[in-house]
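S.K.: Residue-level listing of the chains:
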Amino acid sequence: MSVDDLVSDSDRKKNRYHFDRHTPEYRTQFEKITEEIHAKCPVAWTDTYEGHWVAGGSQAVFELARCPHVSNDHDINGERQGYQGISIPKAKRASGVRGGILEMDEPEHRIYRTVLNPFLSPAAVKRWVPFIDDVTRACLDEKIEVGRIDFVDDLANIVPAVLTLAMLGIPLKNWSLYSEPTHAAVYTPEHSPDIDRIVAMHRQMGLDLLTNMIEIRENPRPGIVNALIQLRIDGEPAPDLEIMGNLGLVIGGGFDTTTALTAHSMEWLSQHPDQRERLSRERDTLLDPATEEFLRYYTPAPGDGRTFSDDVEIEGTQFKEGERLWISWAMANRDPSVFAEPNKIVLDRKGNRHFSFGLGVHRCIGSNVARTVFKSMLTAVLDRMPDYACDPEGTVHYETIGVIQGMRHLPATFTPGRRLGAGLDETLKKLQRICDEQELALPITERKEAAVID
Amino acid sequence: MIAPDSFVLDDIEGHSSAVSEDVPPDQEDVVREAAQSCPEQAILLDADAGKA
Chain A
210 MSVDDLVSDS
220 DRKKNRYHFD
230 RHTPEYRTQF
240 EKITEEIHAK
250 CPVAWTDTYE
260 GHWVAGGSQA
270 VFELARCPHV
280 SNDHDINGER
290 QGYQGISIPK
300 AKRASGVRGG
310 ILEMDEPEHR
320 IYRTVLNPFL
330 SPAAVKRWVP
340 FIDDVTRACL
350 DEKIEVGRID
360 FVDDLANIVP
370 AVLTLAMLGI
380 PLKNWSLYSE
390 PTHAAVYTPE
400 HSPDIDRIVA
410 MHRQMGLDLL
420 TNMIEIRENP
430 RPGIVNALIQ
440 LRIDGEPAPD
450 LEIMGNLGLV
460 IGGGFDTTTA
470 LTAHSMEWLS
480 QHPDQRERLS
490 RERDTLLDPA
500 TEEFLRYYTP
510 APGDGRTFSD
520 DVEIEGTQFK
530 EGERLWISWA
540 MANRDPSVFA
550 EPNKIVLDRK
560 GNRHFSFGLG
570 VHRCIGSNVA
580 RTVFKSMLTA
590 VLDRMPDYAC
600 DPEGTVHYET
610 IGVIQGMRHL
620 PATFTPGRRL
630 GAGLDETLKK
640 LQRICDEQEL
650 ALPITERKEA
660 AVID
Chain B
7 MIAPDSFVLD
17 DIEGHSSAVS
27 EDVPPDQEDV
37 VREAAQSCPE
47 QAILLDADAG
57 KA
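Line order of the protein sequences matches chains A and B. Position 35 of the first sequence, counted from 1, bears residue number 244 in the numbering used here, the numbering being contiguous throughout. Position 45 of the second sequence, counted from 1, bears residue number 51 in the numbering used here, the numbering being contiguous throughout.
Incorrect hints may appear among the rest.
Cβ-to-Cβ under 10 angstroms is the rule here; a few derived chain B residues that face chain A [unchecked claim]:
#	residue
1	M7
2	L15
3	D16
4	D17
5	I18
6	E19
7	H21
8	A24
9	V25
10	P30
11	E39
12	Q42
13	S43
14	C44
15	P45
16	E46
Don't read these hints as lab results, they were simulated from the structure. Since the structure is predicted, the reported quantities are computational estimates derived from the model, not experimental observations. Positions of the beta carbon are idealized from the N, C-alpha and C atoms, including for glycine.
Using the sequences provided together with the hints, build the complete structure.
M.R.: Put into structure tokens, the structure is as follows:
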């Protein structure tokens, strides 16, 4: 590097901001940090984690997320440019695995995404509504008579996990084998004394996934696992590691994010009973915009890492090939130039073009699953536990929100009510039979009808 | 969907497209709201939309 390079480098990086989203302070200071970034520098350079750019202004986020010179690639084996995918810093335990389509560029990304789309399109997800509603019903039936529930442990951890396994074609009864390590891996720091237990649970989950993959390869049964096995690229099957990576992405993306959205929304509605009553009463018109507003405000997946694949100038900043970038959906979601009163929840907000599902070709493929599952859980709680009150003493937020802005526990009490049907275990047995008989996990191209629950 | 009468969703890919190039007068408000809400900013309205 010459002196000229050094000078121009410091000039390029003149907007500097110390940014470390993995500290507990980032969670408590989020609004202040976001306001500073918006005011001073919509794109800033930070020296943390070997140095990377941070985009927080909505226009910069919009441009960078859709920029063809920005790469998602995670080159595990150093076969291409050596880029490190979407995690900053690279998670130690994830370093050997590529995160499915989220860590692929075109044309590879498109090949796999085309396989997943017919399971996750709005029409495909709509077929599952009776199934989702029955899992939700069973979760609430487990607790309705005692008047006490933990919205994370007893509801929001369960419904997304059961549905995801059903779509994959994995036995529903295995849900907890997948749910616990998926959540714990997000909220447990690498230095925690608990990390060995979490890693062991993760290995157990990986083993079950692999077992199911082998089983399905021998005896095909409908679902995303089968579709990825059947995929042919230039006549060859997809590599097992890429199949596993995509399955891991569907599981990781499907579980913790919807849980985080649901828990935060439930907590806010408990703190604002008048708004909760209004949402319940006017749900025909309010449920959709309220869902988008909760998505905007709580941004379950707060951002994604990228790598510049070319030298490029965007929004007045010059970027160099190989430099890392953090795109903050969470900060873009609080940009006052797009959202009036950005730090306030407005249930009927208009023009809410939030960034919570990302933008461009990598826009969240599970957005319709998230919305549908969230609405099922929320409306069932509003109907059956309308006076619930969350217990602040027992509420546990994730200590850090660098990966997912989630919660570990959200206990609540409510006026007890009557059960409507069987408990969770019995319901899952019935739903497994229905999944098998009606082949619910077929793609929309092969099955158009909604599930029928008997 | 904000304007379900003016857009259709593809069953397989999930992509949205306009049912017609002309926006009927009774759809103008919701289509404008849809354009303002589109995260990809992919909905473009001509200034005289609906009057053609």
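S.K.: Each hint: holds or not?
M.R.: Quick rundown of the hints versus the structure:
1. M7: holds (8 angstroms)
2. L15: Holds, about 5 angstroms.
3. D16: Holds, because the Cβ-Cβ distance from B:D16 to chain A comes to roughly 7 angstroms (cut-off 10 angstroms).
4. D17: Constraint on B:D17 satisfied, holds at 4 angstroms.
5. I18: Hint holds; B:I18 Cβ to chain A Cβ min 5 angstroms, cut 10 angstroms.
6. E19: B:E19 check passes; min Cβ-Cβ to chain A is 5 angstroms, inside 10 angstroms.
7. H21: holds (9 angstroms)
8. A24: Interface hint status for B:A24: violated (16 angstroms vs cutoff 10 angstroms).
9. V25: Hint on B:V25: violated, closest Cβ of chain A at ~16 angstroms, above 10 angstroms.
10. P30: This interface hint is violated because 21 angstroms lies over the 10 angstroms limit.
11. E39: holds (6 angstroms)
12. Q42: holds (4 angstroms)
13. S43: holds (5 angstroms)
14. C44: The hint holds - B:C44 has a Cβ within 10 angstroms of chain A, the shortest such distance being about 6 angstroms.
15. P45: holds (5 angstroms)
16. E46: The hint holds - B:E46 has a Cβ within 10 angstroms of chain A, the shortest such distance being about 6 angstroms.
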